[in-house]
Structures are given as structure tokens and as C-alpha cells.
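Chemist: The residues making up each chain are set out below.
Number of protein chains: 2
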Amino acid sequence: MPNGYNGKLLRVDLTSGELKDEHPEDALYRKYLGGSAMAMHYILEEMPAGVDALSPDNMLVFMLSVVTGAPISGQSRLMACAKSPLAVGIGDSQAGGFFPAELKFAGYDGIIVKGKAEKPVYLWVNNGQAELREAGHLWGKVTGEVEDTLRAELGDPKVEVLQIGPGGENLVKFAAIMNMCNRALGRTGMGAVMGSKNLKAIAVRGSKKVTVSNSKALTELYRKGTREIPNDGGMSMLQSYGTPGVVGGQQASGGLPSFNYNAGNIDNYEHLTGEYMAETILKENDTCFSCTIRCKRVVEKEDPVYALHEKYGGPEYETVACLGSYCGVTDLPAVAKANEYCAMYGLDTISCGATIAFAMECFENGLLTTEDTGGLDLSMGNAASVVELTRMIALREGIGDLLAEGSLRAAQKIGKGAEDYLITVKGTEIPAHMPQVKRSLGVVYATNPFGADHMSSEHDPSYTPDNKKALARLAEVGLHTPQDPLVLNTEKVRFAFITQCLYSLLDSVGVCQFVWGPSWQLYGHSELVDMVNAVTGWNLSLVEALQVGERRLNMQRAFNMRDGIDKSEDKLPKKFFKELTGEGPSKGIKLTHEELDRGLQQYYRIAGWDESTGNPTRGKLESLGLEWVANVVGAK
Amino acid sequence: MPNGYNGKLLRVDLTSGELKDEHPEDALYRKYLGGSAMAMHYILEEMPAGVDALSPDNMLVFMLSVVTGAPISGQSRLMACAKSPLAVGIGDSQAGGFFPAELKFAGYDGIIVKGKAEKPVYLWVNNGQAELREAGHLWGKVTGEVEDTLRAELGDPKVEVLQIGPGGENLVKFAAIMNMCNRALGRTGMGAVMGSKNLKAIAVRGSKKVTVSNSKALTELYRKGTREIPNDGGMSMLQSYGTPGVVGGQQASGGLPSFNYNAGNIDNYEHLTGEYMAETILKENDTCFSCTIRCKRVVEKEDPVYALHEKYGGPEYETVACLGSYCGVTDLPAVAKANEYCAMYGLDTISCGATIAFAMECFENGLLTTEDTGGLDLSMGNAASVVELTRMIALREGIGDLLAEGSLRAAQKIGKGAEDYLITVKGTEIPAHMPQVKRSLGVVYATNPFGADHMSSEHDPSYTPDNKKALARLAEVGLHTPQDPLVLNTEKVRFAFITQCLYSLLDSVGVCQFVWGPSWQLYGHSELVDMVNAVTGWNLSLVEALQVGERRLNMQRAFNMRDGIDKSEDKLPKKFFKELTGEGPSKGIKLTHEELDRGLQQYYRIAGWDESTGNPTRGKLESLGLEWVANVVGAK
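If you read the protein sequences in the order shown, they are chains A and B.
Here this note's numbering is used: the first residue of the first sequence is 75, the next is one more, and so on.
Here this note's numbering is used: the first residue of the second sequence is 75, the next is one more, and so on.
No incorrect hints appear here.
You can't tell identical chains apart in this list, so a pair holds if it fits in one copy or across any two.
Under the rule of at most 20 Å between Cα atoms (straight-line distance), these lysine to aspartate or glutamate pairs were calculated in the EDC-like manner:
id	residue 1	residue 2
1	K710	E685
2	K710	D684
3	K82	D95
4	K542	E99
5	K385	D222
6	K649	D494
7	K542	D100
8	K290	D604
9	K385	E358
10	K282	D230
11	K543	D100
12	K710	E565
13	K193	E205
14	K710	E669
15	K193	E92
16	K710	D671
For the record, the hints were derived by calculation from the structure and aren't laboratory data.
This structure is a prediction, so every number in the text was calculated from the model and none was measured.
Whole structure, please, built from the sequences with the hints as guidance.
Modeler: Below, the structure is given as C-alpha cells:
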């Protein structure tokens, strides 16, 4: 079988309508592996500084990786990068599903989109051929309808569709890009970027085989993983209850963000659990291409108020927290309905839920009134209002128009101290893992180039003395001294940075972070390297792989640096420094500025960044083979 | 078989006569692996700043590693570290042989020597027991006699002896520590440190088995290597001609330092080659414990002038260059005789040869006269004078007393511009690989913590387009873009730094750099990791291994920093910036300050060191799990 990687990218200029194939060299694939590392390569090379995120000058880059579509669990993911209309700086999001593998089967590793179409269009990629088509008839339609329409007009029920919903069309700042109507490239508003380009959808169909250099090794790895699932507590839990299976544990540790992050627990949390979902509204499990874990939820319910349709999947943990406990809500069908709206209209459930929770705290404190809301009662805990507000945000109706700007911009408009109720970093709403009880997340949330993200590093509980499986894997990257989750010391900052590089690798090689990862996942990073080698025939090492992750992180941070964004944006919400309320074990816990500031300075030092600016140094970029990036962004 | 490493160190306080065993934890072994990384751990923890290298306060630490004594090629090496009496800063040297494995069989991984004995003593380590014994009867004796005497008085011909000769007793600044009378821990004057402590020798005998966790894997690796030797040009050359097998290639590239480094070639070089040695004075090959390569030369010659005795081995490449071409000499028996003197008296052949070459250039230019030399004709090319001067240096006779101080101190005493003739960095004489034609060596020579060293990084020719075997291995550490040997650019500085970390790893895991290494060697670094795991049962990764190498380098540099040594000492001899003479391909080539300075700044940046001081930053130390070192040395 051949060694090395022979791939192809599609370039789309929406302004001119021109489409073009490009064949990157094998060396470029080995340097970046794909995903958002490779996307950053093109963005930094070709995009000027300081563009408006919603202007035609923004580039929207979709990338697979060298392993996407190979027959193994957890590889079918698509990454999208562009300047973010929500976050201050770069945007980045990912999702799994069948679209990623299908795009590979259609002959492409990525699509680089520039410019803006005069009228709505969609891109039709069919087995190595691509064309732009009119999409006027799709504009304004929800995702399910668009998918059905496209499959019908393209005459193939197996066409996979990536699209924006009305949320993206309406430039909701946290609009998602949807795949299969239920997988969201949710974070940082990539849907708004796609909407700003008048690109409604990308439909793909392909039948090309993925080349695997060592099929036997890959098959063995696949089978080994599959055999292990029943013996692996984490994997079995995912299979049985999906990500909402963690709700109970979060509540038990006082780490279930509730009431707009004022508490770490909520009464009646049992009704938000994966177990409760399985007993009530769960129809079945769903999966991504070639994955044996099948963690994805499908819910269904006939109901006059909260009817749930299987097409739109079911809520993940982040969703039950953000649209549930964040808002003081424990009504699972209501949460699932709001989730369905997010899938239909194309919104990020995390930012949407957190923005609603923010609005509710404003309402509770009189900064918003029924006059502002058009009569909608935004009292904390009002489930019906959460559902209704989700729809209003997507369609920019009433108060929804304000909240569609994201909570940071909304707070600036509301004034009157509304910023005290924000739970954002760099404009990105904070996901449902609390740095109060997982201290390393504080530095990662603060420093992560596209704002607070829970999938950008390993969480503290993995680095505790009893976690033998995780410790064995962490040892391989030089982490040998487990720590208390409530402590932020030098070793914990090392853990944060090193695992951040590893998660950055995962988003470059484009694999699911429940299947592949540095600690509790089904496969460890050494097996990830073996997998890449089985597919490509390379002799990639863990050293190179870790460098790829560090490259992506530095490139994203360098992008921000060029746009004038430095460590002054690396800060956590004010409320994180106030004692948590609630009655759980986290009651009374707060972060301190002293601890965080010390941790941040350590983080910059350990990352090899300039302590005074938080920017990547020329030396760090040079050491990663990125001297050209240092030149592009003017690193010192 | 057991997992993890269970080892023991011997602590020797020569002042009090106290001996003590110490059992480091498995985690400490995994962090350092052994060798000079582990030695630096103890030195930085226990030795105060600013000690005089020849005072009792200096610590002399001998270390093996977790793999020493295991049945595989290239593992039987001993590392010695202390503050150097020759180099400005830390000292570091290594040698192979049978002593290292024997020390492991005797139950120890290392010996930490402090203080100073009142009278000469030797240390007798016998199967887990150790004692200090009187050595008055051995003082003043040459190595061969001491070894015979000790074996006789200990009643065991298999006792292995590590010792200083009269050179070390006389505190010759570049005195070596000898093992088997023909393996020199040569560089940076460790023999003088041992002499200053009145420690004449360490005799060891042991019968303990080395624990191997996975014997099958180790045996397979051993056999794989052995099978490959005949098909491997480099290994076959080593086996047939030893290291002097490279003389022809060096001459051909204009990289054979000649006439005190004024030229890169010499007429009649053929008489210095390994081939010529094999035809004339070679008796047989010798080997180190369990090594199948057998590269070591044994020469013998009955001769009224230059009689050669097999006990003292034969000259390596460095020796034929330094005691030969450096001095304009191509008389192999004379070079071999000078080499024998170095082995008998315990001197480093590199520093000795380079110091004599320096003296010869002084003599040629009238800075030294026969009045200074007691009549000895130091004309460049006078072979008999090289031999005689070697003996005189060891015994500090006449002009030998001045030169025994090393060339830097000698130049300072001679004055009159003698410093222009120096070929030293930080006081350490430069070995026989020319940065003029291997440009990366310029930055490594200049920055290496214990002065110019040719075994501290890979050489440029390994990183050229045709070198497939080396390129495959270098790719595993992220080096993908081969370069011209005559160029020093960013990629070449990356190559220098990354391979320096890998060589630093080799001196920590204590393996032979002809057998294990990052490029042309029999085994690559991935196999090195496999080997460590086969022995220890760990799951060590290449990432961790590379960190060990970077740790050692940073710890050595941090040691220097604490003693006030910074980048102002990172400079190359003046003559490197003058055009080379000679008639070879390097004629007319010179380094430029502009290129070197740019390379040095890039090197500091890539190393993560402070560009203005060249010192390790706190962040770099923290990132390597060495926050405590940052505290000890006051890193910022």
C-alpha cells in the first residue's frame, strides 16, 4: 500500500463563483495532520489582519484530516475555522456525524471558502466534482426541511448536508453550522460567518474509498477498542446514557453550573440526567460514521407543548446544563424542545442557554423587565420562556434580537451593571464545567484563543491519584505527579498546558474527544499515533503529534495577536470570584485573583509566550517550524 | 516480571570516610533515566554555588542508568559530572567499557562522592558492599600497574578498575578518569577533580543479575541490531576500522582539522586512517560489555621508539586528529604512542592534542621559544615532540607544567596575543569536527554548557536530502526539511537544538552514540525508548525521553547560570572567523560573526532561554518539571 498522504482541497470563491482543486504536499499534511491546524495555515497565509468577521474578507475553512473516513471509531469529524463574530478573535468549532466521512468519500479533505455570493447559494460536491447552485428556495427554511429538499432535488437520499438554519441567515452571533440536522459545529458563531457569505448549505455525496496503508493494524485497533467498551466504565456510560450520563457526577461534586453559574448544584437535577432521559424520552442511540460507541441520543415525544422529533437528535450534557440548570430549569422535555429549536434554527446550545441564563439574571435583578421582553416572564426557572426565547433569538424577534448578539454585546447595550452577570471569556459563553471545582480550567478558559472551551484540555479529575488509566497515559507526556482538583499549582498548570496541546492535536487530526484522548478515553494518544500511521503509512511519532497540537494553539493565538488581542482579554467573569451559593459541596467556593493571576503567568511562561503580553514569542514559533507565522504576525 | 525500577546509589563522604546506600524512588529514575541528568539533580540539590572545582566542596557524581548492564549493544557507559577545573562551569564526561556493567552487577547505579580524603584512598565495591582503602602504594603509578596491583591484592582478575593516572594526581586540568586503562572519561578534567579528592581508584566486582522486565523484547532488539550490522555501511565501517575510519571522509570534505585548526586537510592524511591502522599496528578489535559492534581498536607494536602495548587500546578518530593532524603530524605510531601515554597517565587526548597544537602555533610564531620549552622543538609537525610533550604535561615537567593548565590558562600566562591561537570554548578544547563545514556545530560548540563538544548534537551531513535513514528518524522529532551542511538558517538551528536534546538524552540513559542515536546509528531513538521499556517495564514515550534530554541540558546551563556564566561565554575562537588555509574543499571558508550571532539568538529563542542572557527561563524550567531548579538558581 502507498505511503504518505495524497489529498485534495476545494477552493470556493463565492464572489467570483470560481471553484478550484488544490493538492497540498504530503509534507504539509504531516506538519498539520488536518483539522484546524491546517485551517490556520491557510488563514494565516491568506487572510489579512483586522477583517470584519461578517465581511466577505473573512475566510471560512472547513477541514477534515488524513484519517477522516477510515474504518475506525471516532474519526468522522469536521472542523470549521474563521474569524469569529462572537468571540474576540479566532473562531473554531467541530462536529461529528456522517457528513465528514462523506466529504472524504467525495474526494476532498477540506473546503476553503472566500468572498460572498450575491444571492443565496449552496455547494454541491459530488464525487470529485463541485458546483455552486442557487439556494433562494432554501433560504429561511429550517434544517430538516432543507435536508429533505436537497435530497429530493439531488435525487439521492444518501446525500449528506451541512447547512445553516435561519439562525445563521439572521447572523445570530452564536449561530451553528449543522450536519445531519443534529450535529452542531456550534461554538464561536461559524454559522453566522456562513450566513454572511450567503452560503446556505454544502451537500456532498461520494463513493471513493479511503486509502489505508496498513488495514490489518487498523482493523486490530478497531476491534481492540470495540472489545474494551463493555469493560470500560466511561465508555459504557456514554453508550447507555450519552454525555448527560455525567449530570449526577457533576451535581455530586458541586460542579453542575446552575442559576447562571451562581451555584454548582440544583434541586431535582435527577430530571436532567441521562438515566432519566433513557427512562422517558429516549428513542434510540445514534452514531457517527464507523463508531461503535453510539453515544448520540435520539429523543422523541408526542406532546401538545413539547413535541420532540427524532430528526433533531437529543440534548447533550452541555445542553441539559446550559438550557436547563443554567436557567434553573429541570424540565427535561422543555430542555429537549429548546435543543430541538437550536438544531432546527442552527444555534449553539451552550451560548444560547448561557445567554438566556444571563438574561434571566438581568430580569431577576430588574435590569430587564417585561417591557423589554414583550411580556415574556424571564424569571429564573421558567422553562417555557427558555423554549420560547430560543426560537425568538434564532428569528431575532423582540428581545431575541438583542440576545442574538451574544451575552457580551447584549450586556454592553443593557448597561446598568449587566456585565456583572456575564459568564463569558472573550465573548464566548462558558460551558458547563466549573473552574471553581476543576481549577486548571480557569487558566484554560481564560487563555484559550477562541474563549472558554471545555474540550480544549483535560479536566482536573483525570489527574488525581486513583485514576490509574488516565495516569498511565498522562505519564507518557511527562505528567507524573497527580494533584487535587481544587488546587492550581505549577504542576497543574503544566497539566493544563500539555493536555491543551493534546486536545489541540485532537482537533487537528479531527477525532472525537470521547473516543481518543490523553486520559480516560477509549484510545490514548499513543494509539492515536498508531492509527494515523496505519492510515498514512507514515512513521509519525508522539513527539510530532504533540507538536501539531502546540502548533495549532500557537497559530490561533498568533492570529489573535495580529488583531491586537493580547493577555488583557485573558480574564474570567467577575462572578467566578464570588462565593458559590447552593447547598452542594461547592457552596462557598470561589476563585481568587491572586491564584488565577499566578496561574496565568505560569501558563504563559510554560507555553513559551511573552509574560508581559501573553503573545507567542518568535522563539516558540521558530521552535515549532513556524518562523513564517512569526513573520506574518510580527512576533518578537 | 516486575515493573518500574528499583535502584541504589552509593554515597561516599571522603572527608568523614562515611559510606551510605540510598534508594531513589522509581519516579526519580523515570524523570531522569540516570546518567548526567540524574547527576545534575544531585549536584543542583546539594552543591552550593561558586565552589572551587578542585576543593572538597566539589561533588563528583558517577552515574549509570536504568539500562546499564542489560544484555544489548551500546549500554555499558559511565557518566561523571562535577564542576569542571578546565571548562568555565559544569563538567561532564562519559566512557564505555566493562566497568559500567560491573558496577551495576555490584548493585549500584551511581556513586556520589563528596569531600576529600586525608591521604590517597581507593573505593572497593564488592557485590553490594563498599569500603574505602588506603591507596598510598598506588599513588604515582600508571594505570596499567594500578589495575594489575588491585586485581592481585583483591584476589580476582575480573575486578574492574576506574582510576586516575598521574595526570589526575597532578591536577592536570584535562586529566581523564580511566576505565580498563583504555576507556577515558576524558573531557572537562574530571580526573583532576578525582585527584583533588585523593581518590585514586574505584574497584568493582559484582554478580547481581540485571532485572529485565521483557527479556523477549530485549533479545529481539539485540538480534535485530546484530543482523543489521553487515548491511549498514556506518556500522560495518566502525567494525572494520573503528572511529578512525572517518578520516578519509573528513579530509575529502575539508573537515579534518589540521595545523591547529588553520586548515581542513593535511597531506599524507592516509597514514592517519583506520584503514592504514588496520594494515599496520592494529592487533584486534575490542568491545564494551554486551556490544556486538566491537569498534574499539587495540594496537600493538614492538619498536625501540614507539613501542605500543595492547593494554592501552588504540587511538580513536579524535585522537588521531588532535594528536596528529592538529599538530601537523601524520606518523601513526607516534600518535598511537602519545595516545598510550594519555591512557597510562590519564589525560584527555582531545584537550592534550589541541593544547600541544596551540603550543606549536605559539612556537611557530615566536611566542614560545626553546628557552621556554627546555630545548624541545615544538615546530608544527614534530611527531617526537608531541609524544614527549604528552608525557611532560602528565608529569608537569618543564613546559608541561604550563600546558597542564589547559590552553586557555596557558595563553593567559603566555600573553603576547597567544589567545589568537586558542581553539577553545569556555576553556574546553575543540574536538575534530569543523563548524566551518558543519555549520550547526558552531552554535552547539558555542552554547554547550561544558564547552565545545562533538558528541552533544547530530552533525549537519545527517540532515541532507540523500540521507534516507537519518531523515526518517529525524522526522520523528519534527525535522522534515533537510539543509546544506554549509548553511546556518532557522531550520538548521532547530536541528541543532532538537538533536542536542536527543544527544543529551543519550548521555542520560547512558548509551553509546555510535549504537543509539537520532540518525545514522544502529538503533534510533524510538528503539531506545523500546529498549528502556523492555528493561524497566515502563511505558516511557519518546516525548518523555526527549524531555529528559532537554532537562539535562537546561540543568547544566542552570548550573552555569548560578555561577554567573551567561551568553558572554558562548563564543567561538577568533581563528574560526579567518579563512581556512590548506588545499582542500574548505580552503577559503570562514565563519562570520553575523551568521553566528544570528544563529545564537535563534538558538536561545528556540531553546526557550532568555535572549539577553542566554540563561534558562523560569518558564522553560517549569515546563520541564524543574520549578525547583528555577528556585535554586534564581531563574526569572
